[in-house]
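Please model the complete structure; the sequences and the hints are all you need to start from.
Protein sequences appear in the order of chains W, L, E and G.
Residues in the first sequence are numbered from 1 upward in steps of one, following the working numbering.
Residues in the second sequence are numbered from 1001 upward in steps of one, following the working numbering.
Residues in the third sequence are numbered from 2001 upward in steps of one, following the working numbering.
Residues in the fourth sequence are numbered from 3001 upward in steps of one, following the working numbering.
A couple of the hints might just be wrong.
Simulated pairs of lysine-lysine, DSS-like, Cα-Cα distance not exceeding 25 Å [what the hints assert, rightly or not]:
(1) E:Lys2151 - W:Lys45
(2) E:Lys2032 - E:Lys2009
(3) G:Lys3134 - L:Lys1071
(4) G:Lys3083 - L:Lys1074
(5) W:Lys280 - W:Lys314
(6) E:Lys2141 - W:Lys314
(7) W:Lys288 - E:Lys2032
(8) W:Lys88 - W:Lys45
(9) E:Lys2151 - G:Lys3049
(10) W:Lys200 - W:Lys336
(11) G:Lys3049 - G:Lys3083
(12) W:Lys282 - W:Lys314
(13) G:Lys3049 - L:Lys1230
(14) W:Lys203 - E:Lys2046
(15) W:Lys165 - W:Lys88
(16) E:Lys2141 - W:Lys286
(17) E:Lys2046 - E:Lys2015
(18) G:Lys3083 - L:Lys1071
(19) E:Lys2015 - W:Lys227
(20) W:Lys227 - W:Lys203
(21) L:Lys1005 - G:Lys3049
(22) E:Lys2015 - E:Lys2032
(23) W:Lys286 - W:Lys80
(24) W:Lys165 - W:Lys314
(25) W:Lys45 - E:Lys2141
(26) W:Lys80 - E:Lys2032
Anything over 12 Å on all C-beta distances counts as not near chain E; from chain G, calculated [to be verified]:
(27) Val3006
(28) Arg3066
(29) Pro3080
(30) Leu3112
Simulated from the structure, these hints should not be mistaken for laboratory data.
By construction, the Cβ of each residue, glycine as well, lies at the ideal position given by its N, Cα and C atoms.
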Amino acid sequence: MEFKVSLGPQHPALHEPISLRMTLDGEIIRDADLKLGYNHRGIEKLAESRTFIQNLYLTERICGICSFSHQTCFTQGVEKLMELVPAKRGLYIRTLVCELERVHSHLLWLGVAGQEAGFESFFMYTWRDREVVMDILDTISGNRVHYSMNTFGGVRRDIDEIQRKHILDSLDLLRTRTEYYLNLAATEPTFVGRLSGVGKLSKEQAIALCAVGPTLRASGVPMDVRKDDPYAVYDEIPFEVCTADSCDVLGRAVVRVKELMQSYNIIEFLLKNLPAGPIKVKAPRKVKENEVFSRYEAPRGENVHYIKSNGSDKPERLKVRAPTLANYPATIAMLKDGFIADIPLIFAAIDPCICCAERLVQLDHPRSGESKVLTFSQLRQMANQRYKNKQFKKKETLWPF
Amino acid sequence: MAILKPILYILVYPGLLFLLLYSTFCEWFDRKLYARMQNRIGPLHTGRSGILQPIADIVKLCAKEDIVPEKADKRMFSALPVFALAIVCTAALYLPVWHYGSASSFNSFPGDLIVVAYLLTLPTLIFFLAGWHSTNFFSTIGGVRVLTMLFGYEIPLLLALLSPAVLAGSWRILEIATFFQKQPLLLLVNLIGFFVALVALQAKLERVPFDIPHAETEIVGGQFTEYSGKKLAFFRLLGDIEMVVGSGLIAAVFLGGFPGGLLPGLAWFIVKTLFVIFLLAAMRAATSRIRIDQMINFSWRWLAPLAVLQLFIVIIIKGMVS
Amino acid sequence: MNAEAIVQKISSDIKDKIQEVSLAAPLRINVKVDREKLLAVLQYLKEQFGFTHLATISGVDLGESFEVIYHLASHLATVNVRILTPRSAPTIPSTVSIIPGAILYERELQDMFGLVVQNIPNPRPLLLADDWPAGEYPLRKDWHFNRPAEKIPGGK
Amino acid sequence: MIERLVHWSRVKSPWVLHLNTGACNACDIEILAALMPRFDLERFGILLKGTPRHADVIICTGPITRQNRDRVVRIYEQVPDPKFVVAVGACAMSGCVYRGAYNSMGGIDQVLPVNAYIPGCPIRPDALIDGVVKLLNSLK
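This is the structure in structure tokens:
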């Protein structure tokens, strides 16, 4: 029996308009195709009619979760076009906000993953602790989500001694909480059992389909822009690229939790070694004719901006590639010939940020068959059904920590 | 005079008026407790500490537009909420709320325990029908889940109610209450049964962890997805009244009933039902939703055997006592 | 192997296939090729240096022609392979056979610039709305959006 | 008398449907944050409902995208009367930075009648609470 599955687009479990439509052969997904566009706003065209300073705030609003990633990526590119060397202290503060954003995004993801696996209390807990990071960001930048910290040549706000101490104190709290979640997850065999072996993406596939971020690193490829192509002050910071070899959703969770721990270390390092001096240097208004290809490691993966300038104060072309878009082909590969029961977890595992990719996902099948409409959470529930018969033995599914 | 008493019974106490007011109060009490247990405050600005919140909800729903989906079976769709509400209100009439001893009450007869249990089962079937007749996919799924759950909790609930009845040697709620009033120590025998009945009641009321049929993040509104306006208000009211009747039944059977005349009986009724509701709210706050298969597993692996065990204990003790 | 060495090796190995190779900035290598030889160059880069990760494909409207830039990245450096395609016949070859992950970027190019990607496995529109008029490509420089007059609710 | 009662009930018990019409996600996350223990919208009787049939207030975030327009109108029609629309965030009010972009229609008010606007980019959870309470007070 072939039937159509449609997810969303308005659904209490999802806070973004996403509609996933595909035709299935029984329980197995035969073919899937992407049609994006419900969240497409036309930012690239818009950017051509705005000045660089205006674009600073436009790129920030590409995404509400990883807003700083896009802004920093753009800022770095324009700084290279301007041949500007940013102030050292400014770069440190910029990197600090980058890492804080990574922490808040990964905590958010942990909660969502818990929810998809039917672990609701986990969701509430991580979101409560996420407020700690939000408070830090609030004290630094004055806003909870769009920080607007960047400017060409540095950052706009300085950190004083009281804020520094506040962040360091909060960091201890976050560390203990993250360890607590690790323990919580480790003692919950069903949770680990639900994640392991789901959404396999082999190393070769991941490379061929140009996956990025934790999705790629969980397939054992140590690609991290922070190491490969260091920006800001990452070449001065000791940190490790976290990978996992299990190639499944559990691996992606492991990579993210490890990265949380790395981020805490990086934040501590940055705050302890914060250099004195100005936070920004003066930037020119116009930009010489040139082009730049700027890369940035966002919480979801490699973020890419291609900026071409034409000598005026407006860019000739701004091309944005958000990490979620890069991960879609890999997601389809994970879904293909898989069970529909696994869709929610697989989708959550790439940490989809639909507005980031400016689009909506619609997977559908050309042939018409008996059609049946399911939502995302029904799928989740079907997943629960499918896994109910599996006996999880504690020893077999050890949390890898 | 003889005709006045039944009318009073049906319309004022413990009939419609009292039930309506008291069930909304119970909903507020439950919501407030739930919120406090989650570190929240809960309804606050409607009446004194939000006490009128459920009433506001229901009045608002009644004043809203009433949409019947085009594809739905219109007559069934509209009739079901009314039926369900009538059924639970009828069940409430059999609760011995203000007196006992005088067996001449018109609404108490040998075997009314079975009737109340039966009447409390009917709303479940109506939920299923409501979901089915909405012809919405979520509603259908919700309806099917309702029926699946029914198989889980209904038998343990009946078995649990059976044990005090066996101990008291009567199928009449009033006589059971009177029996335990005379020998309050025997109430302790029924502790396991009390626990089983409490969990089964939670499942019957479809509250966390058993809110599987209308799990919001899973199937939107479950069997109520297509209901709006007055009909939704009826269903909400139904849930509240079912909670009151269910907790009243448990209080009458397991907690020794409500002795005294009009006022002391009322006081006892309120205290004991609120106690049961408190336990229900605590259960709701401390757990997260389980899956439907886990629920069935749990009720057959734990609840039903526990209820049977309780029955054995009761039979042995009855042999010793008599 | 550093970026300079890669530039050296490219210019000596496949001199006949490329028009120009240079090191534009640290870790940024520019390679200019004919569009007919694009696939051969990508294949060479993939096999010789392991440039398997296609970060994205950027299209730029230069007026007379379109420039299409393939941003390849690895831990060694980033290579921008650029081709030109005339506005009158805007066709480019599909790279999906070499880099399967390129599919979405190529479909995006089709939507936004009206480029015709030859041999693309799935040519359906990707981004624009269902009711988008055919033959309009928003990122072309000569396409302008005329904003419809806004209603001001309850206002003057 | 009955009218006053109905009016009072409407003010005291707004049930909310959350609709993303092409926002950048920031407002949506903040709305979720408003339901968490820290802000607790339930104090005002506000409940987040999943189905349009149960809702009174539609909270829209984001500039309406071309693709989303028809769907938003359809959902609006599914909500039983009386219904209110709240435009949350700068995008939903006027289009914010996306004003003039070819795929966004401007504010929510270009498509739906809007009853209240809550400014902010993104809104803070406290602003959301303030806005909804103000909307309710304006009904008095």
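Hint check results:
1. E:Lys2151 - W:Lys45: Distance of about 23 Å is within 25 Å: holds.
2. E:Lys2032 - E:Lys2009: 15 Å, holds
3. G:Lys3134 - L:Lys1071: The hint is violated at about 38 Å.
4. G:Lys3083 - L:Lys1074: 24 Å, holds
5. W:Lys280 - W:Lys314: 22 Å, holds
6. E:Lys2141 - W:Lys314: 14 Å, holds
7. W:Lys288 - E:Lys2032: The given pair, whose Cα atoms are some 22 Å apart, holds under the 25 Å limit.
8. W:Lys88 - W:Lys45: Status violated; Cα separation ~33 Å.
9. E:Lys2151 - G:Lys3049: 30 Å, violated
10. W:Lys200 - W:Lys336: Holds: Lys200 of chain W and Lys336 of chain W sit about 10 Å apart, inside 25 Å.
11. G:Lys3049 - G:Lys3083: 14 Å, holds
12. W:Lys282 - W:Lys314: OK: Lys282 of chain W and Lys314 of chain W at ~18 Å, within 25 Å.
13. G:Lys3049 - L:Lys1230: 17 Å, holds
14. W:Lys203 - E:Lys2046: 16 Å, holds
15. W:Lys165 - W:Lys88: Holds, at roughly 20 Å.
16. E:Lys2141 - W:Lys286: With a Cα-Cα distance of about 21 Å, the restraint between Lys2141 of chain E and Lys286 of chain W holds, given a limit of 25 Å.
17. E:Lys2046 - E:Lys2015: 17 Å, holds
18. G:Lys3083 - L:Lys1071: 23 Å, holds
19. E:Lys2015 - W:Lys227: Outside the cut-off at roughly 32 Å; violated.
20. W:Lys227 - W:Lys203: 20 Å, holds
21. L:Lys1005 - G:Lys3049: 43 Å, violated
22. E:Lys2015 - E:Lys2032: 11 Å, holds
23. W:Lys286 - W:Lys80: At roughly 13 Å apart (the allowed maximum being 25 Å), Lys80 of chain W and Lys286 of chain W satisfy the hint.
24. W:Lys165 - W:Lys314: 40 Å, violated
25. W:Lys45 - E:Lys2141: Between Lys45 of chain W and Lys2141 of chain E the Cα gap is close to 9 Å, so the pair holds against 25 Å.
26. W:Lys80 - E:Lys2032: The hint holds at about 22 Å.
27. Val3006: Fine: 25 Å to the nearest Cβ keeps Val3006 of chain G off the interface.
28. Arg3066: 4 Å, violated
29. Pro3080: The claim stands: Pro3080 of chain G keeps its Cβ more than 12 Å from every Cβ of chain E (closest is about 22 Å).
30. Leu3112: 10 Å, violated
Hint compliance for this structure: hints 3, 8, 9, 19, 21, 24, 28 and 30 are not met, and every other hint is.
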